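Here's the letter readout for the chains.
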Amino acid sequence: MTKKLTVQDIIFTLEKYWADQGCMLMQAYDNEKGAGTMSPYTFLRAIGPEPWNVAYVEPSRRPADGRYGENPNRLYQHHQFQVLMKPSPDNIQELYLGSLKQLGIDPLEHDIRFVEDNWENPSMGCAGVGWEVWLDGMEVTQFTYFQVVGELTMNPVASEVTYGLERLAEYIQNVDSVYDLEWADGVLYGDIFKEPEYEHSKYSFEESNQEMLLEAFNNYESEAKRLIKLGLVHPAYDYVLKCSHTFNLLDARGAVSVTERAGYLHRIRIMAKSIAKAFVEERRKLGFPLIHDEKVRQQTVDEYTKKAEKAKERAAKQAAKKA
Amino acid sequence: MANSYLLEVGVEEMPAHVVTPSIKQLHERVAKYLKEQRITFDSIREYATPRRMALLIEGLSDKQPDIDESVKGPAKKIAQDQDGNWTKAAIGFTRGQGATVDDIEFKDVKGTEYVFVEKHIAGKSVAEVLQGLPKVITSMNFPTLMKWGYNNLQFIRPIRWLVSLLNDEVVPFSILDVHAGRQTQGHRFLGHPVEIASAESYEQTLHDDFVIADQAQRKQLIKEQINKIINEHDWQIDWDADLLEEVNNLVEWPTAFAGSFDKKYLALPDAVLITSMKDNQRFFCVRDHDGKLLPHFISVRNGNTKFIENVIKGNERVLVPRLEDAQFFYEEDQKLSIDQYVERLKKVSFHDKISSMYDKMARTAVIAQILGKKLNLNDEELADLDRAAHIYKFDLTTQMVGEFAELQGIMGEIYAKLFGEKASVAAAIREHYMPISAEGDLPSTKIGTVLAIADKLDSIISFFATGMIPSGSNDPYALRRQAYGIVRMMAEQGWHLPLLDMQSEFADAIQKAGIETKFDYQKNAGQVREFFMDRLKQFFNAEKMRHDIVDAVTDTNQYDIVNILAAAKSINEQKDDDGFKDDIEALTRVLRIAKKGQGQDSNINSQLFQNPSEEKLFNAVNNVADDFSQEDMDKDLRSLRSLSSVITEYFDENMIMDKDEQIKNNRLAQLQEIANMTKELGNLDLLIVK
Chain A
1 MTKKLTVQDI IFTLEKYWAD QGCMLMQAYD NEKGAGTMSP YTFLRAIGPE
51 PWNVAYVEPS RRPADGRYGE NPNRLYQHHQ FQVLMKPSPD NIQELYLGSL
101 KQLGIDPLEH DIRFVEDNWE NPSMGCAGVG WEVWLDGMEV TQFTYFQVVG
151 ELTMNPVASE VTYGLERLAE YIQNVDSVYD LEWADGVLYG DIFKEPEYEH
201 SKYSFEESNQ EMLLEAFNNY ESEAKRLIKL GLVHPAYDYV LKCSHTFNLL
251 DARGAVSVTE RAGYLHRIRI MAKSIAKAFV EERRKLGFPL IHDEKVRQQT
301 VDEYTKKAEK AKERAAKQAA KKA
Chain Z
1 MANSYLLEVG VEEMPAHVVT PSIKQLHERV AKYLKEQRIT FDSIREYATP
51 RRMALLIEGL SDKQPDIDES VKGPAKKIAQ DQDGNWTKAA IGFTRGQGAT
101 VDDIEFKDVK GTEYVFVEKH IAGKSVAEVL QGLPKVITSM NFPTLMKWGY
151 NNLQFIRPIR WLVSLLNDEV VPFSILDVHA GRQTQGHRFL GHPVEIASAE
201 SYEQTLHDDF VIADQAQRKQ LIKEQINKII NEHDWQIDWD ADLLEEVNNL
251 VEWPTAFAGS FDKKYLALPD AVLITSMKDN QRFFCVRDHD GKLLPHFISV
301 RNGNTKFIEN VIKGNERVLV PRLEDAQFFY EEDQKLSIDQ YVERLKKVSF
351 HDKISSMYDK MARTAVIAQI LGKKLNLNDE ELADLDRAAH IYKFDLTTQM
401 VGEFAELQGI MGEIYAKLFG EKASVAAAIR EHYMPISAEG DLPSTKIGTV
451 LAIADKLDSI ISFFATGMIP SGSNDPYALR RQAYGIVRMM AEQGWHLPLL
501 DMQSEFADAI QKAGIETKFD YQKNAGQVRE FFMDRLKQFF NAEKMRHDIV
551 DAVTDTNQYD IVNILAAAKS INEQKDDDGF KDDIEALTRV LRIAKKGQGQ
601 DSNINSQLFQ NPSEEKLFNA VNNVADDFSQ EDMDKDLRSL RSLSSVITEY
651 FDENMIMDKD EQIKNNRLAQ LQEIANMTKE LGNLDLLIVK
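Going line by line, the protein sequences match chains A and Z. Counting from 1, position 126 in the first sequence corresponds to residue 126 in UniProt numbering; the numbering is continuous, with no gaps. Counting from 1, position 205 in the second sequence corresponds to residue 205 in UniProt numbering; the numbering is continuous, with no gaps.
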């Protein structure tokens with residue numbers, strides 16, 4: 001290697017590579033979230049029968065992981081490079097390994113392993129099966145075949161590849177502290193993020209206004225529920241993301257007891273679940289336009305319409321029973 | 001001709017812990033299938049790596065044997081009408097057998113003539129039978145299942161290729177859109193897609209492509225490589241069989257290497273270093289000849305020695321932040337006190353529906369004191385037990401255990417000592433988790449054992465009382481393992497306690513101690529007892545105790561686990577004695593007849609005796625009763641058996657159901673007394689004596 005890749009070189013390389021594999025390049029979603037998975041480009045688009053291939057960088061905020069900019073590896077906000085391919089390609093592992101080669105990581109010069117690591121996000125009703133990928137013993141990527149999203153069973157199954165950009169960059173640039181990473185020529189990660197890390201940690205652990213956050217959570221929740229009823233899936237989902245981040249802030253502040261914790265997560269899950277359902281319904285009404293084979297598209301629409309009608313009948317029957 | 005068949009199922013990397021059970025499962029399923037299909041073979045060899053499960057079946061027969069059989073149909077009178085024409089029944093039967101009415105013969109069966117058809121079924125060829133393997137493969141079970149792509153098949157990981165070779169010919173079949181052929185995959189990085197010429201060349205072909213498919217051979221190689229390294233440096237190693245097994249199933253072409261870390265981290269407790277290396281990185285820890293950890297480790301790469309310096313450097317780099325974190329936690333944790341950690345437990349939930357961890361400790365402390373007093377612990381022991389019971393979960397709120405959950409209890413002991421607790425208290429904190437697995441080590445100290453029993457009892461009682469009762473495979477809180485652990489501890493210690501009848505005593509004491517419970521602590525006590533009976537059965541099964549003995553001793557009103565165990569042991573030991581059968585028959589005869597007098601326990605009136613044998617039995621039973629220990633099951637069983645000849649005589653001479661109501665009841669009362677005594681051992685009526 002002549003010159004070490006900067007963080008932005010790494011991002012360019014991955015974007016170019018995955019675009020060449022047929023992924024659309026999306027931009028980070030403009031709402032706080034704990035992981036790239038929660039972007040609507042993954043959470044919503046993983047659901048339903050339509051194919052979907054995307055790649056994007058997602059800044060991910062985890063207030064409880066803040067360390068005032070003092071710990072070399074723990075961050076309030078880190079960056080994930082997220083790839084979602086649905087249906088999961090048969091050669092997804094090979095595609096991934098190809099991306100490492102593009103970054104100058106030749107598998108023959110390293111030890112690369114796929115070590116079992118199943119993934120779960122109970123608050124979003126998500127679970128998947130997969131691995132963490134070890135590069136010479138370091139976990140650099142999370143690799144997941146989604147099985148359930150928003151409590152809906154996947155069909156087809158989407159495969160998600162999530163690179164921890166900081167980890168990967170530390171390896172490539174051979175530095176031990178995230179703050180020593182070179183983001184672009186002559187500009188270090190620390191120059192950009194160290195102060196915000198300190199301030200966000202200070203805010204999350206010491207200065208956040210609990211009453212305000214609690215009230216905000218309740219407001220966001222009622223807004224989300226109202227919007228779900230109106231069938232406004234995307235704005236509703238935005239408010240679920242706000243709920244989730246607000247909860248994370250409360251949690252970092254130690255304002256949530258263990259018992260209450262389960263209660264909050266349950267509330268978020270209930271919303272995520274109804275949004276997942278509503279999203280499929282919305283796509284069905286649009287006729288699943290991303291299925292390009294007309295015959296398959298029509299068949300799928302028919303099949304989902306039949307299911308929807310049956311569900312409607314069932315609901316009507318139950319309502320009648322109650323009455 | 002003897003044939004060889006190779007089956008290889010190529011998958012994306014399986015979890016390491018699944019590899020060995022899965023290849024065994026495939027072996028069993030395929031062997032069972034071939035047996036059902038009447039295909040014989042000499043042997044099956046297993047091959048397994050993270051990416052493949054393969055079987056080489058040798059000495060396979062060419063085909064199923066042909067079958068000639070006479071198939072019986074309807075009776076002649078049904079098969080033919082009065083005019084001798086074939087009926088619909090006859091025609092239907094022959095058609096069902098792939099024959100015609102012309103094939104019918106009549107044969108005599110017990111004096112009636114029946115229709116028979118001689119059938120010849122040609123055996124299928126072995127290749128045809130092997131084509132049925134996809135069903136065998138897809139019916140496999142795994143601890144986690146997944147779907148992929150558009151498929152609905154659930155498997156451990158996506159199936160990527162299939163090799164199916166009968167000698168040197170492909171036996172075609174497919175699973176989803178994967179078609180079996182002769183192409184396999186070599187090592188993921190060192191190897192290539194490669195064709196296998198014949199079943200027998202499988203192992204060599206893969207070896208040439210950097211895959212050691214034989215698990216035992218691969219493990220042996222890893223051992224040799226590690227031995228070479230430790231001999232060079234004069235090191236010792238913790239040969240951890242589970243770790244070796246896991247590492248073996250993470251690689252196809254192993255290369256062991258050594259790495260190092262800064263020796264300043266050796267100031268950390270060994271348990272922390274071991275967890276950081278072994279559990280997180282799958283490294284083997286290295287020691288000197290005195291058993292002290294050295295600042296080195298050994299790991300195994302999935303590849304060859306080329307560029308191994310990169311791999312070593314990378315693995316060393318991964319370890320540093322982990323040790324750095326651990327050191328930080330270790331120092332930070334020592335800045336607070338046990339009291340502060342205990343205080344935090346008020347905010348840690350044991351379970352939403354039950355209580356905080358703090359209240360759980362309080363309940364356990366009450367139970368532990370009750371048990372300790374009953375077991376005659378001395379004052380010092382009781383005080384130590386009480387101290388331990390009030391703090392034993394404190395380490396859950398330390399940063400170290402927050403990060404390395406598997407160190408719970410272990411850090412508790414280490415920190416407790418650092419904070420000046422007595423060694424016995426510190427040890428009990430670690431030991432209360434034991435046994436950690438069904439057959440895991442038991443606590444070694446008395447205080448640790450009592451605390452372990454009290455903690456587990458409280459968990460079981462609390463979960464049952466709040467309706468979270470294990471059912472089927474659903475036991476998320478491992479209550480079965482905990483109850484089984486209690487049975488094992490009681491068996492080991494031989495402590496006599498009416499453990500299964502103490503729930504109300506616990507409940508009262510907990511209430512008296514002012515500990516709030518938001519549920520009724522005595523609820524479902526009956527089910528708790530049943531639950532323990534099932535664990536006792538499990539314990540007996542593990543000891544290979546005869547089933548009827550298990551049934552007999554667990555159908556009991558005993559509340560003392562040790563007595564139940566002893567009852568089984570004594571029956572088992574005496575069952576081959578001369579006269580055992582007669583003795584038990586005499587006693588069970590008593591049991592059966594005594595049932596008729598049930599509910600009317602009354603005193604025996606010797607004035608009502610009509611025959612000398614009544615007096616004799618009365619005296620004999622009194623003698624036995626006077627000497628009945630209720631703790632020494634062996635002796636009590638012998639005493640009861642000694643009654644058998646007197647009982648026999650008694651039955652010979654007396655009619656129990658006498659016309660005189662008074663005499664009848666007096667005799668029933670006598671039998672009832674004996675029956676009650678036998679109940680100490682269980683229900684002897686369930687013993688099978690031949």
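Since the hints were derived computationally from the structure, they do not count as laboratory data. Source: prediction; values computed, not measured. Accuracy of the hints is not assured; some may be wrong.
[Said to hold, decoys possible] Selected chain A positions facing chain Z (in silico; Cβ < 10 Å):
1. Leu95
2. Asp111
3. Asn118
4. Asn121
5. Pro122
6. Gly125
7. Trp134
8. Glu139
9. Ser159
10. Ile192
11. Asp251
12. Gly254
13. Tyr264
[As the list claims (entries may be wrong)] Pairs of lysine-lysine, DSS-like flavour, derived with a Cα cap of 25 Å:
14. A:Lys101 x Z:Lys306
15. Z:Lys347 x A:Lys101
16. Z:Lys347 x A:Lys202
17. Z:Lys306 x A:Lys3
18. Z:Lys313 x A:Lys4
19. A:Lys202 x Z:Lys595
20. Z:Lys544 x Z:Lys595
21. A:Lys4 x Z:Lys347
Positions of the beta carbon are idealized from the N, C-alpha and C atoms, including for glycine.
Hints and how they fare:
no. : hint                : in the structure
1   : Leu95               : 13 Å, violated
2   : Asp111              : 4 Å, holds
3   : Asn118              : 6 Å, holds
4   : Asn121              : 16 Å, violated
5   : Pro122              : 14 Å, violated
6   : Gly125              : 17 Å, violated
7   : Trp134              : 9 Å, holds
8   : Glu139              : 8 Å, holds
9   : Ser159              : 8 Å, holds
10  : Ile192              : 21 Å, violated
11  : Asp251              : 13 Å, violated
12  : Gly254              : 8 Å, holds
13  : Tyr264              : 12 Å, violated
14  : A:Lys101 x Z:Lys306 : 17 Å, holds
15  : Z:Lys347 x A:Lys101 : 48 Å, violated
16  : Z:Lys347 x A:Lys202 : 23 Å, holds
17  : Z:Lys306 x A:Lys3   : 23 Å, holds
18  : Z:Lys313 x A:Lys4   : 18 Å, holds
19  : A:Lys202 x Z:Lys595 : 77 Å, violated
20  : Z:Lys544 x Z:Lys595 : 32 Å, violated
21  : A:Lys4 x Z:Lys347   : 48 Å, violated
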